[in-house]
Structure formats: C-alpha cells, structure tokens
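As a plain string of letters, each chain reads:
Number of protein chains: 2
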Amino acid sequence: MVKEGPAALPSPGTPTALPILKEFLNQREHLNSESDHSHADDDAHLYNMPEYLTGYHSLSEKIQSRIESNDKFFSLEFFPPRTKGGAVNLLARFDRMREGGPLFCDVTWHPAGNPGGDTETSSLTIAGAALNYCGLETMLHMTCCSMTKTEITKHLKRAKDIGIRNILALRGDPPHGAEDWVPPEDGFNYASDLVRHIRKEFGDYFVICVAAYPMGHPEATSYEDDIKYLKEKVDAGANFIITQLFFKAQTFIKFVRDCKAVGINCPIIPGIMPIQSYDSLRHIVKLSKLDVPQDIMDFVAPLKDNDEAIRNYGIHQTCMLIKELFDAEMAPGVHFYTLNREVATTAILKQLGLWAAAPRRPLPWKMAANHKRSGEDVRPIFWASRPKAYVYRTQHWDEFPNGRWGSSESPAFGELKDYYLFYLTSKSSKEQLLTMWGESLECEQDVWDVFHAYVTGTANKTGKKVTKVPWNDDELSSETSLLKENLADFNKRGVLTINSQPNVNGASSEDPVVGWGMPGGYVYQKAYLEFFTCRENVDALLNILPLFPRINYHILNKSGSADFSNCHKHRPVAVTWGAFPGTEIIQPTIVDPLSFKAWKDEAFGLWEEQWGKLYLEESRSREIIQHITNNYYLVNLVDNDYPKDSCLWDVLESMFAWRKLQEEKSEDQEENNMCVCTQ
Amino acid sequence: MVKEGPAALPSPGTPTALPILKEFLNQREHLNSESDHSHADDDAHLYNMPEYLTGYHSLSEKIQSRIESNDKFFSLEFFPPRTKGGAVNLLARFDRMREGGPLFCDVTWHPAGNPGGDTETSSLTIAGAALNYCGLETMLHMTCCSMTKTEITKHLKRAKDIGIRNILALRGDPPHGAEDWVPPEDGFNYASDLVRHIRKEFGDYFVICVAAYPMGHPEATSYEDDIKYLKEKVDAGANFIITQLFFKAQTFIKFVRDCKAVGINCPIIPGIMPIQSYDSLRHIVKLSKLDVPQDIMDFVAPLKDNDEAIRNYGIHQTCMLIKELFDAEMAPGVHFYTLNREVATTAILKQLGLWAAAPRRPLPWKMAANHKRSGEDVRPIFWASRPKAYVYRTQHWDEFPNGRWGSSESPAFGELKDYYLFYLTSKSSKEQLLTMWGESLECEQDVWDVFHAYVTGTANKTGKKVTKVPWNDDELSSETSLLKENLADFNKRGVLTINSQPNVNGASSEDPVVGWGMPGGYVYQKAYLEFFTCRENVDALLNILPLFPRINYHILNKSGSADFSNCHKHRPVAVTWGAFPGTEIIQPTIVDPLSFKAWKDEAFGLWEEQWGKLYLEESRSREIIQHITNNYYLVNLVDNDYPKDSCLWDVLESMFAWRKLQEEKSEDQEENNMCVCTQ
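These protein sequences, in sequence, are chains A and B.
Per the UniProt record's numbering, numbering through the first sequence is continuous, rising by one, with the last residue being 679.
Per the UniProt record's numbering, numbering through the second sequence is continuous, rising by one, with the last residue being 679.
Treat each hint with caution, since some may be false.
Since the list gives no way to pick one copy over another, a pair counts as held whenever it fits inside one copy or between any two copies.
Said to hold, decoys possible - Below, in silico cross-link-like pairs of lysine-lysine (BS3-like), each with a Cα-Cα straight-line distance of 25 Å or less: (1) 464 to 492; (2) 62 to 569; (3) 569 to 372; (4) 157 to 372.
Calculated from the structure, these hints are not laboratory results.
If we strip away everything but chain A, and leave its shape as in the complex, we get (with noise of 0.2 Å):
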C-alpha cells in the first residue's frame, strides 16, 4: 500500500525546488484527478494484507477480491490417503504446495471411507488438518449419496467445530453397481437440495460451491436443462461454481457465455485436470465419462510407456489451455485436480507465472487458516520449528492473543499426549533416523556430534547428512544459517542448541532472510539462544550470567523442579516486532516464562518420543538419551540490547572459562591437600 516515494525532491526552499516539482506534477497530473481521497478501502487488496491486520474475509469474498483486482489464483483439489503413512506424505504435499500461493484447496468426499471419521484418512480429518496444520483455506466436498439429512447435518456441524467453512455440494456418485440412483429415505434427491438444506441449518456460515459441467452432466435430458439446472443450484445459495474438466477452451468459454445468458453471475472457475501419465488419462476417461478429443489420443497412445514424456506434454498442453483462457478473459483462476500429485501441477503453474515468486512472510512464523485464529499474531518463540505441535496444543482456545501476549495466568496449554499423530510424525523413517542419529550411541559426545552435523550440514561420523533432529523435522533456516559458525562450535561443546535467531535492528521488511510483513516496513529482533545442556554447565551459567545484566534467561530441568531465571515471573519479552506503514506495531514473537513451562515438557518428551525410542529398552543407546533428559537442563537466553552485537557467545565461553578456573581451583586444592598431607 505505502511504496518507496519517487526520487527525492530538492530540499525547502531551493531555487531548483519550483521547476523540478512542476516537472513531477505535470507527470502526475493526470493521476490527480483519478485520486480518489475517500478513505483506501482495502478490500482491493485483501490477498496482500494479512488477516490480522484486515479480519478474517470469507473464500466468496477473496475470490472477489482476485476478480476485481485481475490478480489470477488457482486451487488445489485432494482426495483422502489410504493409509496413516499416506497421510504423512499428503500432509508434506500440502506444505510444499502452500509455498505457492494457492488460494484454497479441497478435499473429496467419499461414503464409502468413512470420510466423517476420526481417523487419519478420513476426508474430515484431512481436511481438517489442510486448514490447521498447512494453513490453506480449505473446502470439502459433501454429497447426498447414500446419507440422511440427519447424517448431512451431522458431518457439516463437525465440519464447522474443526473451523471449516467451505463446502461444495454435490449429489455423488451412487454406489459402485448401482446405475440408477436412488435417494435414501429423508434424504436428498438433488444437490440444489443439498445446498438449500445447507443455507436453512447453517445460514452464511458455509461458502458454498457446486459443479458444472461444460459439456454437459452424462445424465442430464438436454444441456440446456442442465444449465438450467445449474441455475437453479446457483439460485438455492451457491456462491460460485467450479467446472468439470474439459479439453478445449471453446468448451468452456462457451458454457461461461451460455450460463451468463441465463443469469448466472457467480464467479465460475475452470477446473483442470493435467494428464500426468498414461493411465491417469484411463483415469480422466473414467471419471468424467468424456471422450478424449483425438489429437490429445494420437499424441499420447505412441507414448504410453513414457509417462515422463506423457507428462511434459500434458504441461505443455494445460499451459496452452489456461492461456487460451486467461487471454479470453474468461477464467478469473483455475482449479486443479491433483490426483495427489505435485509435479505436473506445480510445473504448470509455474510455467504460468501463477506460482508465487518470492512468497513473503506475514510473520515469521506458518499461519493457521482456521478462521478462529485469523486475528492471531503473536506467539512464544519456542514453537517456531513446531508450528504444528503449537496448533494442537492450543486448538481448544476461544481466542487467540492479539497485539500482546499479556501478562495471563498460565496460558493452558494441552498436554502433547500421542507424539505420533500423523501431523506431528517426522516425514523420516525409523531406519531413516537411526542412520542420521546413530545406530548406537557409545556416550553423550555421540549425541553432541550429532547435533554439531546437524547444524553445519555435515555428514555425521558414518558419512550420513543429518537433516533433521527431534525439534525440528526440516533443515535448518536460512535465518540460523547466520549463526551457523558459533552454533556449530559450542553444539560439538555439548551446548545442545534447538532453538536460535539473530539480532536485527531495522532490517528492511523485504529482507530475504529476516523479513516478514507488509512492505515499507522495518522488523527488529532481539538475539535469542536455547540449548540442552548438563548440569555442570548450568551451574557455571548461574555463576557468570550476573556479569551480563542485558541478558534474560530462564533455565528448566525435566520436572521443573529447578527454575531459575531473572524474568518477571508474569512478564513476556518482546523477541521480534516490526514498525510498519499505516499499522500499530506487529510484535509476533516473545519469550513467556509460563509457556516456556509448557513448552519443556515437550522438548523434554522429544528425547526420548523420537530418540530413545529408537532403540532397544535397557540398551546402552537408550539409557544415553535417558540419562540426558533426566539430567540436563533446557536454556533459554534473550539478549535484550539488540543494536549492539549479540554477547551470547561470550556468555557460553565465559561459561566454560568459569569451569576451567573451577577445575583449576580443585587442582591446586588438591595439591595444597596433599601437600598438608606430606607435612
């Protein structure tokens, strides 16, 4: 909204000044009397603004928003995994195809899997879990078949507690076998009745979306009774339409002219199916009962074993496609089926330029997309590699902290129960981890070596690159990068570090490392360090961590037992804010003593969730990890002057210089005791 002004003018006052800005002025003036000084209404704008500046805005009016603004989007549509491991994968799929920008996805509704379930693969839980845990506004589909409208309702309200608040209605496929449908008793014939039925128990709660078909529904009498019926599904309380897959882009420019010319006004995205192998085109063939047009079959018959070249031409032909479409005006996005594959997807779009560039961060931390958290901007920082555990842990809360975290009673916290939940399992295997981690550790220094691999990006003593470790299941960030040097140094030092950012003072919000926010702005963090370490070293700690006053600190054992700090028992610190243009200043992250409390019994749990239990019970491998989280400490260190260079690394290394004067002390007092001895 606030860009970097035009070169600056001359200063007050100087002769030049007149000339120069005349010169301005006439370039600008035929902006003036366009300038419209009625209050910046936003709303153009909402796909840049983060939700917790602008509220949260519905899917129906974002759509609006890109439309108005001609700023292109697509969606991605999902089916349910099979299988919990399935479920990992899809989950790390999400989060990959989150970089992208999409502007929703939506995940396919299926009676027969139990799609309103509790388990994994449900299309509920999925669904759920897109919206949480891989912050994308999400939509789920829900069908007539085979349910009552009791059951219907049932399912929506779930839909709602989870957070959802998309929905498109469709009537579905009758079971397999069944040609001819037929509704259950006291439920739907109709997805018009689905949807009207949504509108009467929900009111506008639920967006809804329903489906077209370009060429025509396979059952339907006529395909201008089935435009009509599209109509009438519109008219019952759509707020817009995605279309089946189709071939060319007459086809679908024709249908947009032919539903406008009946009244239908809603937004209508084209919905895109990437021929992504031989048998996926089987697949389209099946599914949409469409014939495959025979130019695209000519092409692809030769080439049914080359999937790879199969799949380069249905790029190629899907970029085609969309740019027929997007120079006709008359797609204001697309929406993508899947198939729960990324590759072709993902080329497309980026062919396209749809894919965001350089995406930039609202905060420096993943936001949820549940419309409950949409006014959430601040957090503890110990969450930072765990974004996901921190949604878990406080899902059950009514509001979330705006502006500053305050000074509550203790936040509660849910306890982390099941380290397995399939949106908390590392991507890695067992055998994959042990590799990395060790097969067997022989002392705590294994551990540490460990962690010093992990942080330089080495490979660890059998040649094996460590990517991951139990806080934090990717590599490190570009941001810790910077500290890479020093953290590398004192990890190998037994100074276990899971946690660290750097200082900065007024790095431009467009930093590519440390930005984050609106543009024009300026982000500021305070140094920050946490870290596993032995009693030993705390005990040093406590002893020279007075000769640095600007320091805070607060240090835990496993049950808390130990508590030291020099924080206010209530009071958070600000660890990253930023100033920005036109807004109150955004401080997203702080250091909570109380939730640092919470967060131990977590970081504690990790050693031995994802470590210790790696291994045999009662091995020497185990007992390792065991001896470590009942009897190191976790540190947590803020640096409070931020403009001035991070003194840290001088606290570590006075921490270790104050256990050598400790052990020379005992050198020499042992000397002098035997010396007594001979005397």
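Based on these hints, arrange chain B on the given structure of chain A.
The following block gives chain B in isolation, referenced to the frame of chain A:
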C-alpha cells in the same frame, strides 16, 4: 533492573579471555553467593516500574515497598479552596508539585464547607481532580463530626466511584464554639468506629490511615491512654499512621518507640508543617494547640515583619529536623502540611534530595492515577497537550486500551460541553490572553502571527510574549523545540500547527528530550504534524500528497462533511513506541482515524471557546475567528519512514509550490483569454 554490563569482555576464544574473565569473576565472587536466581521479584522496585507493567498496587503496598528499599518518600496535604479561581490555581500547584514525585497527596474534609458536594471547591471534587487530572495518588480525609453513618457511607461511595482508594479516618473537630464533643444520633463517637465502619462496608477497597499525636491528643486523659487508643484504631483496620506536627525530633522518635512497645507495627509517618511566615506560626499553634518551643519563638519573634527570613529559617529548621529523623532511621518518609503553599515545601524537599532530580516519564504523556486506568498505556496523539480533556472525555470507559489501541468501532468519547471546567480552564485571565492573542484582529495574518510568536517564543507585535495558545496552555515542549525553525516559518505562512513530533530512530530511553519508560531501552517516533489551514492549501495538499506515498494523512473540516484520508478507516497507526529489556513492546501513541473525528470537535471548538469569546459578538475580531473555524481544515500527517529524515516539510513546500503553479497557470490563461479577445 537491567543495566549496561561491564566493559566488553574480549572476543570469545582469544588467549586473553581467560585471565580477564578470572579478574571479573574474582571481583564478582562475593556476588555469586548472594545471587538469588529465583524469579526476580519486582515488587521491591514498585516505585520505579510503571503501573502498566506491574498492575495497580495499593498505597499500602507502595509504602511497604519504599520501606523495604529504604527509599524515603514524601506526601503533601492540601485543603479545599474557597473559590473557583482558587481551584484553578490549586490544580496548577498540584501539577507543579507532582514533578517532584510525591507518593501521595491528601485533601482535608470540613463538614461546614459542603465537602461531599459537586462544586469546584468541595473536598471530593478537589480530591477527584488531584487523582484524575493531576495524576496523584490521593487520600481523602473523612470525619465523624456532624454526619450520620448513612451520610458517611454515601460520601465514601462517591469517593469510590470517583476512583479514590485511600481514606484518612478522623473524629474531626467539633463545630466552632462547641467545646464538648457530642456525636450525632446514628453517628460515630470515635475514629476507631469510623475505621471499623469503613472496613465493614467496603472491605479492603480503601487503604485507611489514622492520625496520631506524638505529644498526646489535647483531650486525651494521658499520653499512654492516647497510645492505647491509637492501637485500637490500628487494630480496627488502619494500614498506616500520620502524626500531628511536632517540633523536636526526639518527640517523634520516642513516640514511635512507645508505639512499637505496645504492638503498633504499621508505618508511622511524621507530619511536618514548615514555618512559612509569622502568621503561619500562629496558625500552627492554633491548629495543634501546642506550645512553640522557646528557641523557635526567640528566633522568629524579632523577624515578624520579615516573612522571607522566617521562611528561610523554617526551611533550615525543617531540614535539620527531618535529617535527624532519617539518621535515626525512625521515619520512612515525611508528610507535609502545605497549607496549600509550595515554596517552602519544595525548597525543603530539594535540599533533602527527596525531590525527583530528573523525573523520567513512564510514558510520553502524563498518566492518570486512577486505579481503573492503571493498565492504560496507549492514547491517540491528538490530546498530547490536553491530557485532562482526554481523561474527562474517557472517564466513563469500563476499560482502557493496553498494548494496542486496536481496530475497534468508534470509541465513544464523551462530548466536551463545558470548556470552562476548572481543570480545563486556562491558568491565564481573559486580559492576559487578549494581550497575547491580540486586543483586536484585522485579518487572518494577525492570527498566523500569533502562532508564529508562540512557536518561536518571541514577542507578538505589541511586544508581549505568547506563552500559550488555545490548544496548549503551556509553552512548547523541549521535544517540539527541535522543530522550531521549520514550524515558525510555516506558521507564519498560514500552516497553523497545534501538535507535532520529530522522527526518532532508536534513541536511548534515557534521552533527556525524547526518552521515556524504563532505562536500557530504545524509543522510536514517526514524524507527525497537525495543523489548521485554509481551503486553498488543502486543495493543493490533495494534489501533491500522492507524490509522497510514505505519508499517512487525514483531513477534516469542522462539520466532518469533508473527510479525506489514505488511512484505513479502522486501523490505527503507531507513532511512538519503545523496546525495553524484559518486556513486550510499549506503543504509547497512535494516530487513529476514528479518534481524530472525536478530537476535531474539541480542536475546532477551542477557536471559539477560548479565543473567539474574548471579543464582542459581531466584532471584526470575532468574525475572523469564526471565519477560520468554519472555513479552515484540520490536517494530520504521519511520515511512516522514520529512519529517514522527515519529508513533512517537503510536503508543505510542495503544497505552496503547487499553489504558485496554479496561480501562474491562471495568469497565463487570463493572458490567453485577453489575447483571444483582442484578435
């Protein structure tokens, strides 16, 4: 709490690090055993930490905290004035004496003077004004005399509603002439009854103080009986004691020991009445029924026509007395019977070093002392020079913004119907204002010249220094003086500035001009300018502001029918904030479009109320003021790019340059028209 550390330690890993560290550690070794690493208990430093961080602490807690840290405090007692003019002067006195940092003040209660009434001169009104408009923790006296239980309860309820938390419970003096005390029916005999009653009706809401007589009450049966009676008052629920005045330190010291001996353990504060003149000495004698010691009489009597000499003697004598009490460690602070005068008390406090040397501002604006406002730490910048008006217009709010202002609906500001409320009235008389602002005004330039004189601190054309304007009853702050040169020039040209601040980029929070808040922090400001100006200038501004996208602006006329802005309707803009050790970001000042609308009514109203009404109706002077009110606009500008030099002056220069351009254009057009005519 967090200070600058010792000189920097050498870089980590350097060979010299270890010996130097040894040196530091040796120096600090004695500290190591003393360090308490349990959570820093800030309560001991309550008097230093602002209440928006600590929350409200009762006067009782504050006294306890000062005792624990051996930080001597002082308090000031006043009596209600007789006239409205006296009330205005008394409030100005409160403002000046507040600078010295009194722990509290108290206001006496005289049943004959309608002390619980609504007039400007009632005890209740004065106590409420001290609390709400002068930011003083306030105690109200309450006597049993001549009032029934019901009446007393009613007065206490009203005191509670106003926000008063402290009561000095007295029996009080019988009505004049009645030598023997006769309690009313349904009243109280004794102060101890009153104390019990307050606890019964109000629980712990009020802190209760009681009076003591170091030489025994005149009507007491004996000194010892009087101390027993004091104990009864304390046991009935009093929190602390203030004594009657006395002349010799030993009197008080003995008294305190005798109190402790019978088990009175609450704080006992000595009451001090400086001898300010010969008459005041007689007053002392009358009030206290004490005999003035001979040595004092010997000194004072010969000087009875030389009040200044007597006051100087009184200052000296009081300092000696208080020093003796402090040296004996028998007094936690001192309570001054000021008799509503200021010179002697202020001199004594400064000599003793009790007067706050360079008082730091907890926030850039003067905080209110009402406990309901203890969390308030953010306000719109518009009332920077009119904090009393702000308190008045927001007194009905249930809660006050803390942390962020927020994107609320229109905050409901009370109307300012009476500009002559005694706490809003100018300290200058009508005559004084006329000499400053012009006995008569001929044209708008006369008005502009007044602004110019005010901003530069130079004389107006009649040779009179302009020390105030309707929007600011005091001279320019030191911070605004930084902008003086630019302000002066533009004011003279019809940009009538009423509020401004320079940009600040990470100055120390201890900076003497722009610093505020806890030490060790960094403060920031966006450059801000607010002014009245004519329609032609506003037209020019609307044309050139698009050249300055980093500026947020808002322009209103008196009625609000003209409303130009590039701000979001509901989104406030931070203009002052700071980052401090150990806390979240404090953001004490914002610019808010909605509050600006509430402010403009007051800002436009002040033209007429404070200035226009100085002149006769239908006089030219009055017309000029009315013309300005009805035709000028109020403009505020924020330069969001605070790390760069402010471009606000460029904006104004460009505005004038644009006008000049337009004039040249119309001259050219006229010439062309003329040419056409002559063809």
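(message) At most 25 Å between CA atoms: does that hold for residue 157 and residue 372 within a copy, between copies, both, or neither?
(response) Within one copy only: 15 Å inside a chain, 42 Å across chains, cut-off 25 Å.
(request) Tell me, please, which holds for residue 464 and residue 492 at an alpha-carbon limit of 25 Å: within, between, both or neither? (result) within (17 Å within a copy, 75 Å between copies)
(message) At most 25 Å between CA atoms: does that hold for residue 62 and residue 569 within a copy, between copies, both, or neither?
(response) Only across copies: residue 62 and residue 569 sit 20 Å apart there, 42 Å inside one copy, limit 25 Å.
(request) Indicate which option fits the pair residue 569, residue 372 if close means a Cα-Cα distance not exceeding 25 Å: within, between, both or neither. (result) Cα proximity of residue 569 and residue 372: across copies only (23 Å, versus 29 Å in one copy).
Of the numbered hints stated above, none is contradicted by the structure.
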